[in-house]
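**Student:** So the sequences go chain by chain: A and B.
Residue numbering for the first sequence follows the numbering used here, starting at 1 and increasing by one per position.
Residue numbering for the second sequence follows the numbering used here, starting at 453 and increasing by one per position.
Derived by calculation from the structure, the hints in this document are not laboratory data.
Incorrect hints may appear among the rest.
[Claimed, not checked] Counterexamples of contact, computed for chain A against chain B with all Cβ distances above 12 angstroms:
(1) K9
(2) G145
(3) I170
(4) T365
(5) T399
(6) P429
[What the hints assert, rightly or not] Restraint-style ranges between C-beta atoms, simulated for each label pair:
(7) L17(A) <-> K631(B): 46 to 54 angstroms
(8) T750(B) <-> G167(A): 28 to 36 angstroms
(9) D566(B) <-> Y161(A): 44 to 52 angstroms
(10) T533(B) <-> E13(A): 55 to 63 angstroms
(11) K631(B) <-> K4(A): 53 to 61 angstroms
(12) K184(A) <-> T533(B): 53 to 61 angstroms
Heads up, the beta-carbon is just placed ideally off N, CA and C, and yes, glycines get one too.
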Amino acid sequence: MSKKLLLKKAHVENIRLYDVYRREGGYRSVEKALKTMNPESIVEEVKKSGLRGRGGAGFPAGMKWSFIAKPEGVPRHLVVNADESEPGTFKDRYLMEFLPHLLLEGMIVSSFALGSNVSYIYIRGEYAWITDILEQAIDEAKANGWLGKNILGSGFDCEIYVQRGAGAYICGEETALIESLEGKRGNPRIKPPFPAVQGLWKRPTVVNNVETIAAVVPIINDGGDEYAKIGIGKSTGTKLISACGNINKPGVYEIDMTISVEEFIYSDEWCGGIANGKKLKACIPGGSSVPILPANLLLKTAKGETRLMNYESLADGGFATGSMMGSGGFIVLDEDQCIVKNTYTLARFYRHESCGQCSPCREGTGWMEKILWSIESGKGKKSDIDLLWDIQRKIEGNTICPLGDAAAWPVAAAIRHFRDEFDWHVDNPQESQIRNFGLAHYADEIHIPVIA
Amino acid sequence: MSEQILHKVIIDNITVEVPAGTTILNAARQIGGDVTPPAMCYYSKLEGSGGKCRTCLVEVSKGSEKDPRPMPKLVASCRTTVMDGMEVKNITSPKVIDARNGVVEFLLINHPLDCPVCDQAGECDLQDLGYNHGKEGTRYEFKRRTFHKVDLGDYIQLHMTRCIMCFRCVFTADQLTEKREHGILDRGDHAQIATFIEKNLHNEFIGNVIDVCPVGALTDKTFRFKNRVWFTKPVDAHRNCTNPKCCGEAQLWMRGDEVFRVTARKDEWGEVKEASNGKTGWICNTCRFETKKVSDWTIEGPSVINRHSVISQGHYVGVTKPAETFTAVMKGRNPKLLMDIHDESEVNKSNVELSKLDRPAHSTDFK
Ligand SMILES: Cc1cc2nc3c(=O)[nH]c(=O)nc-3n(C[C@H](O)[C@H](O)[C@H](O)COP(=O)(O)O)c2cc1C
Ligand code: SF4
Ligand code: SF4
Ligand code: FES
């Protein structure tokens, strides 16, 4: 049984309400932080904890906090990124829906640490009902003196506002989010300047994921060192994984990053194995943007080691044979799934979500989608596969924001690992319309050359 | 005043010193010639412009004297400022050439390539870019994106299908007019420049969007289909414009005694020049669209045009062509082959010196 820090109380009845949450030990970290600590020591604790950003990039949170500029007389802001629009990712939704006060508690402590008197939650537009849940929780917290002026007599003022997005994945990118929060079109900004120097209304701003901020609560309660003891290496603490696809038990799980991928998929404690007795073919382990891996490379690294559910192990082998932890959206594909179709679906998503500012992303995503559709519908040519490769290569790294990369990576990884499935589609245009390529050799053990 | 801090930058093996805060692109412009990356969206007179088209990507092979590490990715030279000791590779970097060819291909896949019927042809940045970096043929085999033409009133036609989404017209309207009435609708490859509910653009300075548009997406309706730009002769002229914000200094595009078109004067980068009063030489709609008689203007003489474009192929007295940088870039070696597309295409007779004619140019001078 893996240790739970965030979801431990998720099943307590009515934990969504303030009274229950408080009775279960809620808001202790605010008391501790505001009464016994100063902002610097909180940042220090978060640094010690080794907490990495849970939004996708895995940047150390404490480090990010220490970069925030502190010019005299200029307000600073904390913005919580609750835009969660990455296909396969739905962990923040679970957390906010069931434990809204955990997020608020983390936000109050973090706002105190960063010196933010007005903090925001930017929430995905489609999460309309969660906005209501959060706003109700804010009202309760305010009525009980956890928000407002002079919280707990500490002299610290803090207000939290929820802002709904209007249905754009790109507004999850932190600078696009800031633009949108300012009431503008959500186009990513050109960096530098970074938000830590010039963010919301040109003020120093920290943007963090919902889960990152929630994790501040156990870090303050138990201490950064305690938190760092959980996990392996630079993957400290617990991580929420939203598991979906062809598994028996889809859902949101909290893991401590020591278990293997195999255990996570097959153990009854987690995903409970592949549904309908099918075989595992492939997996996108960290949300739609990260490289897809065939079963054999998913369960074992290219070196033949067991792959674990953590930042380092999932990334082992780089993009050649590894993937990424990403946002923790774990998408499992069984032997009946078609990789070409899956790649097409993702390409369609990125084409639709590109903001359209930079030429490679605006034009390239649409082009890739069209080619993938040709191949999928039996009209592809052999040269199309190389062309796809060339297009993704010309998008990656040449755009303003990482959405361009996120659109290129899934296509690159699919071709890298499943090229023969693409070839088969092209060579068998009719057959490919009535049956799938199947599992083929994607779960076969990989021969590991012995290096003398 | 204190001494300005100068930074030494090496771009394609050529050293230049520029004030701190200068962008790589502007440093390269001081060198000129092929060392200067092409810029389709940046416009020095428009705040916030640049960074979008990605044609100006360059490789920073050395970050600075203090921190010599190279930058991991190619950077947009129009939005990256120089550091002391920085080393930049533009045409000497195979990575840059490869990426730029990619960007040009991306810009062209959905472009209608209707140059034969486009008023911008001959002075179009995308045409120049295509000549320099494009491949013959296309790898794009799908239907190209099209939009309906939109009428923006009596003066301006929006042909969205040709737009490359540089955002310049939006910045222009933001910064030059009281209230912007057009913007970007939707996103990604379905994004478009639009007025949302179709309406006319009225502001007295809105005509300048035509001058900033690098392609033929925004064209002058009073000039539409009347002539090809290379058949007209540009002359500098001014008038006593009563609009206090207008500089009254313009360029008339004439054929015979007829003024076909009025535009702002442009520099070698295709941007609106500075006027004699030191301000940017934007002109008002009255000057641009409604004063088309020679008698409205005081003609100063033939314009000096040193842009890379068909229109600069006419030979004028006093033309300063950008200095050739080939040998410097190639560290003393000479290039093997040079081909001038305009000689090749015989669009203009390169031996006719237009400014030496003691009369307006006629079409016979061009054929
Ligand atoms: C296209 C795009 C979409 C993103 N969407 C989200 C999102 O929905 N939620 C999120 O937390 N981070 C998202 N990110 C990452 C954010 O830019 C940012 O890195 C993150 O919010 C930082 O928080 P963290 O350090 O706590 O992970 C997205 C990034 C990109 C490029
Ligand atoms: S990479 Fe795509 S989403 Fe990001 S700024 Fe460029 S066009 Fe917009
Ligand atoms: S209409 Fe012209 S100026 Fe405006 S964005 Fe398009 S290409 Fe740029
Ligand atoms: S000119 Fe630099 S990105 Fe367009």
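**Student:** Each hint should be assessed against the structure and marked as holding or not.
**Tutor:** Hints, verified against the model:
no.: 1; hint: K9; in the structure: holds, 40 angstroms
no.: 2; hint: G145; in the structure: holds, 43 angstroms
no.: 3; hint: I170; in the structure: violated, 7 angstroms
no.: 4; hint: T365; in the structure: violated, 7 angstroms
no.: 5; hint: T399; in the structure: violated, 7 angstroms
no.: 6; hint: P429; in the structure: holds, 16 angstroms
no.: 7; hint: L17(A) <-> K631(B): 46 to 54 angstroms; in the structure: holds, 48 angstroms
no.: 8; hint: T750(B) <-> G167(A): 28 to 36 angstroms; in the structure: violated, 56 angstroms
no.: 9; hint: D566(B) <-> Y161(A): 44 to 52 angstroms; in the structure: holds, 49 angstroms
no.: 10; hint: T533(B) <-> E13(A): 55 to 63 angstroms; in the structure: holds, 58 angstroms
no.: 11; hint: K631(B) <-> K4(A): 53 to 61 angstroms; in the structure: holds, 55 angstroms
no.: 12; hint: K184(A) <-> T533(B): 53 to 61 angstroms; in the structure: violated, 24 angstroms
Comparing the model with each earlier hint shows violations of hints 3, 4, 5, 8 and 12; every other hint is respected.
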